[in-house]
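Peer 1: Residue numbers (our numbering), protein chains in the order written: chain A, -16 to 182; chain B, 15 to 264.
Don't take every hint at face value.
Every beta carbon over 12 Å from chain A, so not counted as near; a handful from chain B, in silico [unchecked claim]:
1. G41
2. A67
3. L75
4. P81
5. I115
6. F144
7. F165
8. P167
9. E186
10. E193
11. K214
In silico DSS-like cross-links for lysine-lysine, where the CA-CA straight-line distance does not exceed 30 Å [unchecked claim]:
12. A:K160 <-> B:K183
13. A:K160 <-> B:K73
14. B:K76 <-> A:K160
15. A:K160 <-> B:K57
16. B:K76 <-> A:K126
17. B:K76 <-> A:K153
18. B:K39 <-> A:K153
19. A:K153 <-> B:K73
20. A:K126 <-> A:K40
21. A:K40 <-> B:K76
22. B:K183 <-> B:K162
23. B:K57 <-> A:K126
24. A:K160 <-> A:K126
25. B:K73 <-> A:K126
26. A:K73 <-> B:K76
27. B:K73 <-> B:K57
Covered by chain B, per the in silico footprint, the following chain A stretches (three or more residues, Cβ under 8 Å) [said to hold, decoys possible]:
28. 38 to 47
29. 134 to 142
30. 171 to 179
Calculated directly from the structure, the hints in this document are not laboratory data. None of these values were measured; they are calculated from a predicted model. Heads up, the beta-carbon is just placed ideally off N, CA and C, and yes, glycines get one too.
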Amino acid sequence: MEDAQIVNSLVRRCIAGDAVAWEEIVQRYNRRIYNICYRFAGSADDAQDLTQEVFIKMYRTLSSYDVERGAFMTWVTTMTRNLLVDHFRKTKQDRVTDSIDAPPSEHEDAMPLSDQIRDKGPAPDIRVQSRETGEAVQEALQKLSPELREAVILRDLQDMDYRDIAAVLKVPEGTVKSRINRGRAELARLLQRIYRQVM
Amino acid sequence: MPGETHNGMQCNEFEALLFDALDQKLGAADQERFRAHARVCGKCGPMFAELEAGQHWLKSLKEVEPPANLVNDILAATSGIPSYRLADAGSRTQASLGERIREWADSFLAPVWSTVRQPRFAMSFGMAFFSLSVALSVAGVKPGDLSKVDFRPSAMRRTYYTTSARVVKYYENIRLVYEIESRVQEFKKVTRPAQQREEKERERNHKNNTSGEPEPRQERNYSRDENQPVLACTPEQAPAVSVTTIRRLV
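This is chain B alone, in the form it adopts within the complex (with noise of 0.2 Å):
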């Protein structure tokens, strides 16, 4: 009965503690009472000795050792690349310091290695490569010239002066260039012959005036009314006779 008392000990109380009984939980005094319980209870004791015995035969069974070829099948089904430690397993102990060194940095470079890998990433590292390849052939930067780049603090500074200096130079031969072609052009003007000047001024006029010439023919009086007759007329002489209108009387 679950009310039913035994040295000291219910058989509801019997049950609770049953869990820390069995996982070894239970004080000294507990563990006591816990036991004379057990030992008089008609039911509680049957039914300890059974989970007791369950429990023992449970962790009686030993770990099982997994199939050798386990770790290898489960990574070629998963990321598709052999285990690391059975390829390096004979290397590994003769790997020198550069090697050892190599091999610490790769634990940080894999992932972003990896993740570069993804070709949804390699196209766009393709694609931004060729794209940097051909600005930089467009703008005459060979890589073969930057090996020899000096990146040195004072060998940049050099570089710099001496760069400045060669566009300043540059600044000033062009500025010399045309002072000299300019002042070429004003001596040329001064020692042109007089003659020369008044035929090139009188073809510059002739091409200004151009009364001399006949008025471009229109083809349509536009002004001109209907049933007004057209005049015939020299353009040396005035017309002598006055418009006359003819009119037919009815």
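Chain A on its own, in the form it takes in the complex (with noise of 0.2 Å):
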């Protein structure tokens, strides 16, 4: 049986009540959300909070998946990132870098916004020691605009397919390889001058 009819055979056996397709659909599909979260909200304890919250939406919305209009994956996947914007809205995070080199404000002696970020926290070097490459660049992920990292997130860290990804952020496909070269240019700038400092 192929894996999009073993999906489509436990998401009917847990809408008829079957709670060991429930945990199977759990099983399958924790670990994915889970990191699309940590990835996005880039806090363990707010991942784990928005995974369950995830789960819980899908459970009492498991009968409105409709098998004809799109795999259940692509259906999971739109839940995770409407709650994920949803989050962002609640949190009131602001967005930095659709305009990272361009000053934030009016004033003439404002810095750019790279600058901002380079003189937050330790000294680069020190944290550069201290951190894992990973963490360097998941920090730099949190810098970038919800729209951007949404769209690197699926692509770069899901290998999501650009179609489905267009279907998930409900927009075109040349919107989401535009977000995707913007969001990929602007880490790759943050993360060049956090190394060039540290060199």
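Since each chain sits alone in its own frame, please combine them into the complex, following the hints.
Peer 2: Here you go:
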């Protein structure tokens, strides 16, 4: 049986009230959803709470899933993304990187955001020494705007194709590609600055 | 410039092939032309290098391990049923064949059972069971008797013939009883003394003849006029005097 058929069968059993099938779904998708949440939110605690929220919502709305309208994975990812956007709005994080090299305010003497980022926290050499490369990338990822962040997470971390990402984000495929490009470029610039300072 | 050509490739074409190049989907020839353009083009080269670096950084991120209690927390928050995997982890290896069959059957029955356990259905099933048990007890069916019933085809056929023979026998017995009873009554009629019969007959006639008895008294004679006098008469003698009308002469 193909993976999609297995998943559809699990969903049907789950809708019928089969607790074992529900656990199978949780076992299959918890890791993936947790990773999306962790990379987007940047905190293990937030990721755990958000993953639970995603599954609670999934459990309540599972009967609304329509096999004809797309893959279950896309449906789950869309739900995750919507909750992440809600979470982002609640926590009111500032969008940083859309204009990372531009002054954030109208003041003439305002520093570019990249300089502000560089100045925050401990010195770069200490930071690089104390942290893993992955942590540095994760930190840089948090500096990206949510639109760019979600695009690169789905593409480069979750290996989703452009069409599915477009379905999840509800934007045209061209917009998805543009966001991915901008996200990668911003991330590279951020990390290059950090490492150049270390060198 | 977008229309600038380097090594046989314009910047427009370079941009169009950018995603395929990053996803490593370009053929060998295109890949070579693409790399050659990136090497010499002052705009496309740095852009491609930046995108490739960003992609590389992102790909270097490893998948994080979810907390150990995450699945159980999710299950507790949703279905409320703890993980069967963790619960059965120890016993699963030593499960007997019967247990495995039961487990397999449970995978089919569990959805049905979980539906039945819903409160709205549970109440309906409860009422249906109560009604059925009342109907059975009224009909005299004991659940204990059901265990003794033999459901083999030969036994069922035998039960059918025995039951029908019993019904026929009962009907014949009832018919015999009624026949005897009617014969006894006829015999009694015939052997009853003649005088007794006469007395009986007279009694019956007396009951039917009601001419000797006085007429029931009428409270009012509705056929009489207002000015007509009431005449006194004896029942034995007919009135000798004709009706006299007394008129008052003015």
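Peer 1: Work down the list of hints and note, for each, if the structure agrees.
Peer 2: Hint check:
With a minimum CB-CB distance of about 20 Å to chain A, B:G41 clears the 12 Å threshold, and the non-interface call stands. For B:A67, the shortest C-beta to C-beta distance to chain A comes to about 4 Å, within the 12 Å cut-off, and the non-interface label is violated. Taking the minimum C-beta to C-beta distance to chain A, about 6 Å, the non-interface status of B:L75 is violated against the 12 Å cut. Not every CB of chain A is more than 12 Å from the CB of B:P81 (nearest about 6 Å), against its label as outside the interface.
Every Cβ of chain A is farther than 12 Å from the Cβ of B:I115; the closest lies at roughly 16 Å, confirming the non-interface assignment. With a closest Cβ-Cβ approach of about 25 Å to chain A, B:F144 is found to remain outside the 12 Å limit, as its non-interface label requires. For B:F165, the condition that its CB be more than 12 Å from all CB atoms of chain A holds, with the nearest at approximately 32 Å. The beta carbon of B:P167 is kept farther than 12 Å from every beta carbon of chain A, the shortest such distance being approximately 37 Å.
In this structure B:E186 is separated from chain A by more than 12 Å, as the shortest Cβ-Cβ distance comes to about 58 Å. Look at B:E193: its CB is around 66 Å from the nearest CB on chain A, clear of 12 Å, so calling it non-interface holds up. No Cβ of chain A comes within 12 Å of the Cβ of B:K214; the nearest lies about 83 Å off, and the non-interface call holds. The suggested pairing of A:K160 with B:K183 is violated, with an alpha-carbon distance near 94 Å, which exceeds 30 Å.
Among the hinted pairs, A:K160 with B:K73 is consistent with the structure: their alpha-carbon atoms are about 17 Å apart, no more than 30 Å. At roughly 23 Å between alpha-carbon atoms, B:K76 and A:K160 fall within 30 Å of each other, so this suggested pair holds. A hinted pair counts as satisfied when its Cα atoms are at most 30 Å apart, and A:K160 with B:K57 qualifies at roughly 19 Å. Straight-line distance between C-alpha atoms of B:K76 and A:K126 comes to about 19 Å, which keeps the hinted pair within the 30 Å bound.
Distance check on the hinted pair: B:K76 and A:K153 sit about 27 Å apart at the alpha-carbon level, within 30 Å; holds. This hinted pair checks out: B:K39 and A:K153 have alpha carbons roughly 25 Å apart, not beyond 30 Å. The suggested pairing of A:K153 with B:K73 holds, with an alpha-carbon distance near 24 Å, which does not exceed 30 Å. Among the hinted pairs, A:K126 with A:K40 is consistent with the structure: their alpha-carbon atoms are about 28 Å apart, no more than 30 Å.
For the proposed pair A:K40 and B:K76, the alpha carbon gap of about 27 Å is at most 30 Å, so the pair holds. Restraint check: the Cα-Cα separation between B:K183 and B:K162 comes to about 25 Å, which is no more than 30 Å; the hinted pair holds. A distance of roughly 25 Å separates the Cα atoms of B:K57 and A:K126; the hinted pair therefore holds under the 30 Å criterion. For the hint linking A:K160 to A:K126, the alpha-carbon distance of about 19 Å falls within 30 Å, and the restraint holds.
For the hint pairing B:K73 with A:K126, the CA-to-CA distance comes to about 17 Å; that is within 30 Å, so the pair holds. The hinted pair formed by A:K73 and B:K76 meets the criterion: a straight-line CA distance of about 28 Å does not exceed 30 Å. Only pairs whose Cα atoms come within 30 Å are accepted, and B:K73 paired with B:K57 is accepted, the gap being roughly 25 Å. Residue count for the region 38 to 47 of chain A with a Cβ under 8 Å from a Cβ of chain B: 3. That meets the three needed, and the coverage hint holds.
Closer than 8 Å: that is the beta-carbon criterion, and the region 134 to 142 of chain A has 3 residues meeting it against chain B, so the requirement of 3 holds. A stretch counts as covered by a chain when three or more of its residues have a beta carbon under 8 Å from one of that chain; for the region 171 to 179 of chain A and chain B the count is 4, and the coverage holds.
The structure fails hints 2, 3, 4, 12 (numbered hints given earlier, in ascending order).
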